[in-house]
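Asker: With chain A fixed as given, assemble chains B and C onto it according to the hints.
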Amino acid sequence: MTSRPGDLNDLMSKHRPGYALPREFYTSQAMFDHDIDKVWNRNWIWVGHESQIPEPGDYFLFDYGTESLIIVRDRQGDIRAHLNVCRHRGSRVCTEGAGKARVFVCPYHAWTYELSGELRAGRDMGADFDPAKWGLLAAQVIVFQGMILVCPGDDAPPLATALEQLAPLTAPFAFEDLKVVHEARYPVPANWKLAVENYLECYHCAPAHQEYARSHTLKSPQQMAALMPALQERSAAVGLPTVELNMTGPDAIAPGADAYYRRYPLFEGYKTGSRDGEPLAPLLGSLTGFDGGATDVSIGILNFFLVYSDHAVGYRFVPRNVQETDIHVVWMVRKDAEEGRDYNTDDLTWLWHVTSQDDERIIRHNQAGVNSHFFRPGPLAEMEWAINDFYDYYKKMIATA
Amino acid sequence: MTSRPGDLNDLMSKHRPGYALPREFYTSQAMFDHDIDKVWNRNWIWVGHESQIPEPGDYFLFDYGTESLIIVRDRQGDIRAHLNVCRHRGSRVCTEGAGKARVFVCPYHAWTYELSGELRAGRDMGADFDPAKWGLLAAQVIVFQGMILVCPGDDAPPLATALEQLAPLTAPFAFEDLKVVHEARYPVPANWKLAVENYLECYHCAPAHQEYARSHTLKSPQQMAALMPALQERSAAVGLPTVELNMTGPDAIAPGADAYYRRYPLFEGYKTGSRDGEPLAPLLGSLTGFDGGATDVSIGILNFFLVYSDHAVGYRFVPRNVQETDIHVVWMVRKDAEEGRDYNTDDLTWLWHVTSQDDERIIRHNQAGVNSHFFRPGPLAEMEWAINDFYDYYKKMIATA
Amino acid sequence: MTSRPGDLNDLMSKHRPGYALPREFYTSQAMFDHDIDKVWNRNWIWVGHESQIPEPGDYFLFDYGTESLIIVRDRQGDIRAHLNVCRHRGSRVCTEGAGKARVFVCPYHAWTYELSGELRAGRDMGADFDPAKWGLLAAQVIVFQGMILVCPGDDAPPLATALEQLAPLTAPFAFEDLKVVHEARYPVPANWKLAVENYLECYHCAPAHQEYARSHTLKSPQQMAALMPALQERSAAVGLPTVELNMTGPDAIAPGADAYYRRYPLFEGYKTGSRDGEPLAPLLGSLTGFDGGATDVSIGILNFFLVYSDHAVGYRFVPRNVQETDIHVVWMVRKDAEEGRDYNTDDLTWLWHVTSQDDERIIRHNQAGVNSHFFRPGPLAEMEWAINDFYDYYKKMIATA
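Protein chains in written order, with my numbering: chain A, 1 to 401; chain B, 1 to 401; chain C, 1 to 401.
Hints should not be assumed to be uniformly reliable.
One copy or two, it doesn't matter: identical chains are merged, so the pair holds either way.
To be verified - Calculated lysine to any residue pairs in the SDA-like style (CA-CA distance at most 25 Å, straight line):
hint	residue 1	residue 2
1	Lys-133	Gly-18
2	Lys-133	Ala-121
3	Lys-100	Arg-361
4	Lys-335	Gly-57
5	Lys-133	Glu-382
6	Lys-100	Lys-396
7	Lys-100	Ala-206
8	Lys-14	Gly-135
9	Lys-271	Phe-290
10	Lys-133	Glu-360
11	Lys-179	Val-141
12	Lys-271	Arg-376
13	Lys-14	Ile-36
14	Lys-271	Gly-239
15	Lys-14	Trp-134
16	Lys-133	Pro-207
17	Lys-14	Gln-29
18	Lys-14	Lys-133
19	Lys-395	Ala-230
20	Lys-271	Ala-337
21	Lys-38	Trp-385
22	Lys-396	Arg-320
23	Lys-271	Glu-233
24	Lys-395	Asn-344
25	Lys-38	Pro-22
26	Lys-38	Met-12
27	Lys-14	His-34
28	Lys-38	Leu-8
29	Lys-133	Arg-376
Derived from the structure by calculation, the hints contain no laboratory data.
Isolated chain A (complex conformation):
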């Protein structure tokens, strides 16, 4: 009644490096359950920004697949993450998506947990019962420049070194001074891996994203290379690092401990990711001007950011079921910016709203075709190199006990 490792090995051996994954990775319910257990539950997940829970007791839930996490600021002001599963008979402990709590009381039998996750007491559990053993399971937490990353399982990829390297590069953006001004969810009837793969390559950008391709050179390695030297001069001038940090795939310190930073040029006339090229919000952090660039940042395997000079966009591809995924897009501007005066949400979100709608469509069609028994994984293009790394890591994770 559970998946059999024998089959999994067969399946793994069917994958030819440099090619897409075989069909079953995207169609099997047992494989989906495995993905949650082996991949999502053991990797760093970006769940939000610390400005979303400023005070002790402030919390929000982050749900994916079969899992639910409580992200909460405790009485000491530290951010913690708890598995939202009562230690008694397993009920969800917290059922509101966000709020302010003094304690978490399970709605079933009223087992009551501190903000720190400790069980206060087990009502009528008898004399032998030791509450100290029955606190909420803790997920690991890292707050990187205000960005909250959690890893539900025990063996979290060791991210510290990568973040140390990344920190000076992103410092000028002052992520810690951002606030979330809009979150959108685009449900797509496809496996989460197809959504991640979609984000990992810009081979599709020219044909599939008219608006993005008009302003972003990433769609064309040649054009990007040609415009890079001029950008690097401008970036340096406004206070931004121009080096690339690639600690991903084989260059990561440990599997899953990936970090990536690269600033690349927008086309002439574009100061930021806006419809007309004009600014959308006040400059981030310590920037002294618009350099006409955009920065790709990734942390771990599952978390992606695109940082313009005046706003940042975060992306997550949250599994719901074997062929149901929510694309989360999160827009952030500096915390002291004011809607109406300093930015306009409709303008701010325009580009990645239309681009995400495109992605929903193409990922959906990708899944439909992959479902065919006649799907034969084809060769990846040079521009899809990051997908190869993703496959390598993914296969490593699901193969471990």
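Answerer: Frame of chain A; chains B and C shown alone:
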């Protein structure tokens, strides 16, 4: 393409007595199919009251999981239950939920069955065809004081002795003189076992059921014990037995042949399970007054009743799919009571309507949490002892061929 | 994570010839996946009429189960069928149900395929990439008197000889001069095999199809035989063959290469399959009058036609999921007939609209009953002989690698 006993044994061995069952028992589609086949199809199910089919030919269907039963009064006036599956190519024979029939004609090829289940004739089936061999499969039937219990499979738990013991205890209520006045169904996105477990313990009553807890002492063993002697005097005075009958779990005559009877006190001021404590309907059977008590009755493993002095409520937790269950609540009063004059349905059903809505919510959250890969079955409280017995029996049933 | 042949063999051995198939064939998701892979992907499927794509570039999609086919007329005017799966990473290439195309451009990365299926070029795929190896996978195509049949897999049943035998029999109807005037889809919550079985026998016609049974003698072998000689005289007189062609089951040249032709009498007063017996459209092909007959034609295992003197009806039972099937009914008249003047669509479609609604109902109830663990496959009637042949062939197909 079917479930593998090997896995099942692994799974069984993972269960630690005194703790909740492991996740897979509540999440596996194969296990659900197994539950229907091994548990529901081989146990006594309370399907209704004989007053619902007073005349020969009167029938109703009872559906659960993948199964359907025809409950019918035959020409001799006896109540029978047939598997609602044509013996030819398997069509449902009867497709209306209730009605009056002279025969059952399969809508596909018109194979025609008597009320007794016998096949009248097989149209154009050739000379060698013997209709006597192709009657509808019969479920076993017991009518206990008007309550219809059926067991679809052949090896029904031997209930006779338990019902003999139970009969004098429930006799004063005159179940045979009840009528059903309202049935409600509360669909809950959870496995049926979580719904049964919920009914089996009142550890959750205090935190989860404000209205019930105000009037029923079952939520507190201490308070119940304190008020019990006074109740027993009052019960005896109105003609009700005060003994407890516990032929359940290890005390049952045979596995699945369980019976239970216990009258427990309501809080002062409550004559019955009403909003204000006042009577809801005429006294049942031979009762001479309100004793301020309520009786828990259970028959077999799956069937529960709560009997107040003036009405009875029946509960079933009907599996639909691995995480879909219908909570059935059935209200009964004496057959000669008249709506409007003797009882008011809205008042009558108030308590268990609000209580069932609470249960729907907490069972739903229980399933959501149990779905997590991080769910670790926790220790049961003393007040949850009946769940232990249920697990023991359940494991016995699914382990047998 | 995939189905195990061991279980399949167990399941096959459970089937008793002359009886219905066991439950699991209709309930298992793994078996459904197997059915698509082993049966549908390796048999001839009638997808439409060539008049639907008269010009080069005209195309339509035909979808079933997890599969999608592009049916297109190429630049040379030939009809081709391509698997609608990009050879790169598997996206659906064509996403509109029908239209006119110059090339097929994958919406994901713009791999561009000719109408012939060849890959024009692989954008940025590097110097080693040979586009000639990455054309769309081709399904085999036969156009039989205008009817388009496709077989997605390589080992198509060898249909040529059967079609040679069939050709002179259907010639008088001039199928090549038909046009499709209406298509209806009746979704039924049942496995596709139950829908095929339903079409394969008329044992159910008398009890289940009041309208059909009033006019068609097929419901009664005795009445059909009695009226046959007179029909044969009339058929000959109007130019129609009166022989039966039965190259099905054991009489097929090869498994799956089946063909069948038989004209049978309508009841007196019925010139065609109309409500009042009167003509619905101009006489087909070279017919010189109404003979009061109807012709059953089948090609391969999955494709059925009923040909009246003035119109033809095609039937397909298209799998969607293990218990979701679309019944397709397609009405055709001569291409030069004009709606309003020569035929009226409401009148034309009346009989098979009401009959298909009946079928939806009985097939649905069949599935509901078959889902029961108590379903025991029963004996087939003499009138259900064709189901036996279907089972034999089906078991052969799913047992092969």
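Asker: Decide, hint by hint, whether the structure agrees.
Answerer: Hint-by-hint comparison with the structure:
Proximity of Lys-133 and Gly-18 under a CA criterion of 25 Å is satisfied inter-copy only: 16 Å between copies versus 48 Å inside one chain copy. Within a single copy, Lys-133 and Ala-121 get their C-alpha atoms as close as 11 Å, which meets the 25 Å cut-off; across copies the closest is 63 Å, which misses it. Taking identical chains as interchangeable, the C-alpha atoms of Lys-100 and Arg-361 lie at most 25 Å apart only when they sit on different chains, with a minimum of 21 Å there against 37 Å within one chain. Taking the shortest alpha-carbon separations for Lys-335 and Gly-57, only the intra-copy value of 21 Å comes in at or below 25 Å, while the best inter-copy value is 55 Å.
Taking identical chains as interchangeable, the C-alpha atoms of Lys-133 and Glu-382 lie at most 25 Å apart only when they sit on different chains, with a minimum of 18 Å there against 52 Å within one chain. Neither within a single protomer nor between protomers do Lys-100 and Lys-396 lie at most 25 Å apart by alpha-carbon distance, with minima of 39 Å and 45 Å respectively. In this homomeric assembly, Lys-100 and Ala-206 come within 25 Å of each other (Cα to Cα) only across copies, at 24 Å, whereas the closest approach inside a single copy is 45 Å. In this assembly of identical chains, the alpha carbons of Lys-14 and Gly-135 lie at most 25 Å apart only when taken from different copies (22 Å versus 43 Å within one copy).
With identical chains, the CA atoms of Lys-271 and Phe-290 are at most 25 Å apart within one copy only, with a shortest distance of 6 Å there and 78 Å across copies. For a Cα distance limit of 25 Å, the shortest separation of Lys-133 from Glu-360 qualifies neither inside one copy, at 45 Å, nor across copies, at 30 Å. For the identical chains of this complex, Lys-179 and Val-141 are intra-copy neighbours only, at 19 Å inside a copy versus 59 Å across copies, given an alpha-carbon limit of 25 Å. For a Cα distance limit of 25 Å, the shortest separation of Lys-271 from Arg-376 qualifies neither inside one copy, at 42 Å, nor across copies, at 52 Å.
Proximity of Lys-14 and Ile-36 under a CA criterion of 25 Å is satisfied in both settings, with 21 Å inside one chain copy and 21 Å between copies. Taking the shortest alpha-carbon separations for Lys-271 and Gly-239, only the intra-copy value of 15 Å comes in at or below 25 Å, while the best inter-copy value is 79 Å. In the homo-oligomer, the alpha carbons of Lys-14 and Trp-134 lie at most 25 Å apart only across protomers (19 Å), although the nearest pairing inside one protomer, at 43 Å, exceeds that limit. In the homo-oligomer, the alpha carbons of Lys-133 and Pro-207 lie at most 25 Å apart only across protomers (23 Å), although the nearest pairing inside one protomer, at 56 Å, exceeds that limit.
Taking the shortest alpha-carbon separations for Lys-14 and Gln-29, both the intra-copy value of 18 Å and the inter-copy value of 23 Å come in at or below 25 Å. For the identical chains of this complex, Lys-14 and Lys-133 are inter-copy neighbours only, at 20 Å across copies versus 44 Å inside a copy, given an alpha-carbon limit of 25 Å. When the C-alpha separation of Lys-395 and Ala-230 is checked against a cutoff of 25 Å, the pair qualifies neither within a copy, at 40 Å, nor between copies, at 68 Å. With identical chains, the CA atoms of Lys-271 and Ala-337 are at most 25 Å apart within one copy only, with a shortest distance of 18 Å there and 64 Å across copies.
For the identical chains of this complex, Lys-38 and Trp-385 are intra-copy neighbours only, at 23 Å inside a copy versus 35 Å across copies, given an alpha-carbon limit of 25 Å. For the homomeric pair Lys-396 and Arg-320, the shortest alpha-carbon distance inside one copy (22 Å) is at most 25 Å, but the shortest distance between copies (35 Å) is not. For the identical chains of this complex, Lys-271 and Glu-233 are intra-copy neighbours only, at 15 Å inside a copy versus 86 Å across copies, given an alpha-carbon limit of 25 Å. When the C-alpha separation of Lys-395 and Asn-344 is checked against a cutoff of 25 Å, the pair qualifies neither within a copy, at 43 Å, nor between copies, at 61 Å.
Proximity of Lys-38 to Pro-22 under the C-alpha cut-off of 25 Å is found in both arrangements, the shortest distances being 19 Å within a copy and 18 Å between copies. For the homomeric pair Lys-38 and Met-12, the shortest alpha-carbon distances inside one copy (15 Å) and between copies (23 Å) are both at most 25 Å. Taking identical chains as interchangeable, the C-alpha atoms of Lys-14 and His-34 lie at most 25 Å apart whether they share a chain (18 Å) or sit on different chains (19 Å). In this assembly of identical chains, the alpha carbons of Lys-38 and Leu-8 lie at most 25 Å apart whether taken from the same copy (13 Å) or from different copies (22 Å).
For the identical chains of this complex, Lys-133 and Arg-376 are inter-copy neighbours only, at 12 Å across copies versus 51 Å inside a copy, given an alpha-carbon limit of 25 Å.
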